[in-house]
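**Student:** Chains as they are written, first to last, in the numbering used here: chain Y, 1 to 598; chain L, 1001 to 1251.
Just so you know, the hints here were simulated from the structure itself, not pulled from any lab data.
Hints should not be assumed to be uniformly reliable.
As the list claims (entries may be wrong) - Derived DEER-like restraints, expressed as beta-carbon distance ranges: (1) L:E1203 to Y:E388: 49 to 57 Å; (2) Y:A57 to L:E1147: 33 to 41 Å; (3) L:I1026 to Y:A425: 43 to 51 Å; (4) L:A1090 to Y:P23: 34 to 42 Å.
Said to hold, decoys possible - Computed cross-link-like contacts, BS3-like style, restricted to lysine-lysine with a CA-CA straight-line distance of at most 30 Å: (5) L:K1235 to Y:K45; (6) Y:K298 to L:K1087; (7) L:K1020 to Y:K298; (8) L:K1198 to Y:K335; (9) L:K1087 to Y:K49; (10) Y:K68 to L:K1052; (11) L:K1052 to L:K1016; (12) L:K1199 to Y:K335; (13) Y:K49 to L:K1235; (14) L:K1249 to Y:K49; (15) Y:K288 to L:K1020; (16) L:K1145 to Y:K45; (17) Y:K298 to L:K1229; (18) L:K1107 to Y:K68; (19) L:K1032 to Y:K45; (20) L:K1052 to Y:K45; (21) L:K1249 to Y:K45; (22) Y:K68 to L:K1020; (23) Y:K45 to L:K1107.
As the list claims (entries may be wrong) - If we take Cβ atoms under 10 Å as the criterion, some of the chain L residues that face chain Y in the derived model are: (24) K1016; (25) G1065; (26) G1069; (27) T1074; (28) Y1187; (29) P1191; (30) V1211.
Even for Gly, the Cβ is constructed at its ideal location relative to N, Cα and C.
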Amino acid sequence: MSDPKDLPAHLTGGNFLFSETKPELVFTPEDLSSDEREMASTAEKFMDKEVFPHLEALEHREDGVAMKAFRSAAQLGLLGLEVPEEYGGLGLGKVAAIGVAEQLSRLAGFGITCGAHSGIGTGPITYFGTEAQKRKYLPRLAPGELMAAYCLSEAGSGSDALGMKTKAVLNAARTHYVLNGAKMWITNAAWADVFVVFAKVDGEHVTAFIVEKAFPGVSTGREELKLGIKTSSTRRVILEDAQVPVENVLGEVGKGAYIAFNILNLGRFTLGAGTTGAAKDMLRAAVKYAGERQQFGKPIASFGLIQHKLGEMAARLYAIESALYRTASQMDQVKATGEMVWSIKAGYPRAIEEFALECSAVKVAGSEILTFVADEALQIHGGYGFTEEFSPARGTRDARINRIFEGTNEINRLFIPTNLLRRAAKGKLALMAAAMAAFADAQKEPAAEKTGDDLASAQLLLGRAKKAVLLLFGGAHQKFGDKLIHEQEVLAVLSDLVIEIFLGESAVLRALKIRGHSANAATHADLALTWVNDSVARMENRARDALAAMGSGEELRMQLGLARKLLRWTPLNTVAMRRRLAARLGAVGSYPALIAAK
Amino acid sequence: MKILVPLKRVPDPDTKIRVKPDGSGIETDGVKFAVNPFDSIALEEALRLREKTGAAEIVVVTIGGEECGEQLRTGLAMGADRAILVKSAAALDSLAVAKVLAAVCQKEQPSFVIMGKQAIDDDSNQAGQMLAALLGLGQATFVSKLELTDGHQRARCSRETDAGIEHVAISLPAVFTADLRLNEPRYVSLPGIMKARKKPLEELSPEALGVSAASRTRVLKVERPAGRKAGVRVKSVDELIARLRTEAKVL
């Protein structure tokens, strides 16, 4: 087990909290190559022509329709993007994958079918498989000849995944592991040929196995009746003395948890991309409807409260999209260093592990932004929105699951600060030193603010917000010590602040990067500043909750004063900004066109 | 066999078209561009002919700025072998386009040219016909079916005309223009996009080809079509006939 080499600061996960990032160092959607755009465009056309025309049949799970669409998507190369070329894939990275995932997720049930296959289903073999396993499975998984699924949850172990009961016992001949148990809520269960199953060897050592449907003792339960993502198949996978050859152990016996959680990180990132794509589609529907629907003799898009909604939807999309691309490129860059980690395999696990915090952040933020955007799209449609005639009804149903799977948002919120604490303990991040420095800094009189440059002011504000969250970390640590991990409410506040800062900073850096390079830079500034302006208030509110739980009286008043000082911000005229955004959205028709260069 | 397929960069058919306030053209702000759909059909036909006959080199060509390289890459990603970009800053009218294409044909000596019957941006429907005339070649326009015969020396085509489907036989080389029903173009696959990166894209200029690319026509003004008046609902067939007689005056 050799220690991986240190990475440059800007390629270190969580580092954004401790330093200022230069706009040139962040990757933004504006930096996409024409090839990457073309790939997303293929996915878009495919969805428009091969998937949405069969919406009814897909959502009613008519026989063979979803499989046909799945195979066509695979034939176009949409599902083998990240499989290395030598195993029949395209060997591309996360940046290229986002645009495709966004498109496929416009029909969430189909997106999850594809994502469960190519991400969490195929990913474990790509990143943790032996040469023989990769040769055997990947060339058939990449072109969709075989479908994959990921089996971790059980009836009694969802969030507590490692509390699984499924057991694996080596047979007397030492040729096969015999698996017994049932895996719950398995996406693709009805159709999958290959299951990546987690089970405890001798009831103790969590281990990953590649289980073929054709192996003796493998079956599936009845189809679950779900609230949304109805195109997808969700069933139990039942293992009754299932015979799994020893060569189908994935990674090593006892290393299953490492595989399970890294793959979940990967899934969380893809989910962030998928929710963003679904939300863009909802905004497109809302813009179209608001422009066509007449009330009081004019389109409802001309009313302030509708404009407010449209502008806000766009601003939130901008924030999550900026965070997604920033992280994707960091992961790709780490992968490109070729650094190894652990005794089991290659670059990506390190990239995934390195940016676990960011993956959780885009999962939480993406799913909650989609919830908001789908709901507002439905509201803009009024009574029609409550009918199946328009897409927001389905969009609202489909959005809901995203806050549950791939780790509930609650679990992810606990994960973010504990990940920071863990990395600090390992010496990867100087969390406590930074907290002390932040405390010393906060006592000093602040430097004079720049005026007339709102993006620069936003950047300064975010710098101070980082100090605020570090102070909060320090305070919480002082107050609760090692018991901090049991203070879930405080951890969630820390998490919310980290997410707000991460998205806000990504948005501001993106707007700064495009400034001076595009006639449309002002739109980018409006989007970033609308987010930051409202984000400050949210951050202050959350910080107050945590501070009040940690102290009282004079001490509390002092802490609150400090928080207020760090988060001071003169409100911007977001009414005007949202109106401008809504007007441009109406003129160009969609979010991608809104941000496109003039 | 060598097939030349001209491609034009046009606003994506799904994009929202807005006219510039001064009427000088359309807004390109926030507009996505694509290969002219009729040209995609032409390229698809070339690809299918190659798949059927086994051997053919397919060359895609366009005229315009650096940005038109994107559409050529799309053509390469669909399966064309190489691309030619004739660099020109000015917007060209149909005759100027035909002259440049004729010069490319002189250089490339293709077995035939197949292109869209018209571009969806200006709907001129002239470049193909003019190209055939300039080269002194036969032409089959609005083709909805194309078949090579006589050892690829001739072709049989179905042409869609107002009077019905016309069947013609034509000697090669010739110029074909593709109609909507000729085929359904394939998607650009992701492996195709990756392969396209490695295919050659040659840049030429009208000067290097020895042609003048000056337009003889000029767009004076672009304006939105007048909005359609709302329809009326009639209560009976009698009323309909009466109104067709008295108001619409078509009976």
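**Student:** If a hint holds in the structure, say so; if it does not, say that too.
**Tutor:** Here is how each hint holds up against the structure:
1. L:E1203 to Y:E388: 49 to 57 Å: For L:E1203 and Y:E388 the Cβ distance comes to about 52 Å; the hint holds.
2. Y:A57 to L:E1147: 33 to 41 Å: The hinted range 33 to 41 Å holds for Y:A57 and L:E1147, with Cβ atoms some 36 Å apart.
3. L:I1026 to Y:A425: 43 to 51 Å: With Cβ atoms ~60 Å apart, the hint is violated.
4. L:A1090 to Y:P23: 34 to 42 Å: Because 36 Å falls inside the window, the suggested range holds.
5. L:K1235 to Y:K45: violated (43 Å)
6. Y:K298 to L:K1087: violated (46 Å)
7. L:K1020 to Y:K298: Holds, at roughly 23 Å.
8. L:K1198 to Y:K335: holds (24 Å)
9. L:K1087 to Y:K49: violated (34 Å)
10. Y:K68 to L:K1052: Distance ~26 Å between Y:K68 and L:K1052 Cα, so the pair holds.
11. L:K1052 to L:K1016: The given pair, whose Cα atoms are some 38 Å apart, is violated under the 30 Å limit.
12. L:K1199 to Y:K335: holds (27 Å)
13. Y:K49 to L:K1235: Violated, because 39 Å separates the two Cα atoms, which is more than 30 Å.
14. L:K1249 to Y:K49: violated (42 Å)
15. Y:K288 to L:K1020: Roughly 21 Å separates the two Cα atoms, so the pair holds.
16. L:K1145 to Y:K45: Between L:K1145 and Y:K45 the Cα gap is close to 25 Å, so the pair holds against 30 Å.
17. Y:K298 to L:K1229: holds (17 Å)
18. L:K1107 to Y:K68: The hint is violated at about 45 Å.
19. L:K1032 to Y:K45: Holds: L:K1032 and Y:K45 sit about 13 Å apart, inside 30 Å.
20. L:K1052 to Y:K45: Holds: L:K1052 and Y:K45 sit about 26 Å apart, inside 30 Å.
21. L:K1249 to Y:K45: violated (45 Å)
22. Y:K68 to L:K1020: violated (44 Å)
23. Y:K45 to L:K1107: violated (36 Å)
24. K1016: At 4 Å from the nearest chain Y Cβ, L:K1016 passes the 10 Å test, so the hint holds.
25. G1065: violated (14 Å)
26. G1069: It holds, given that the least Cβ distance between L:G1069 and chain Y is near 8 Å, below 10 Å.
27. T1074: Holds - the Cβ of L:T1074 comes within 10 Å of chain Y, reaching about 7 Å at its closest.
28. Y1187: Holds. Min distance 5 Å.
29. P1191: It holds, given that the least Cβ distance between L:P1191 and chain Y is near 5 Å, below 10 Å.
30. V1211: violated (28 Å)
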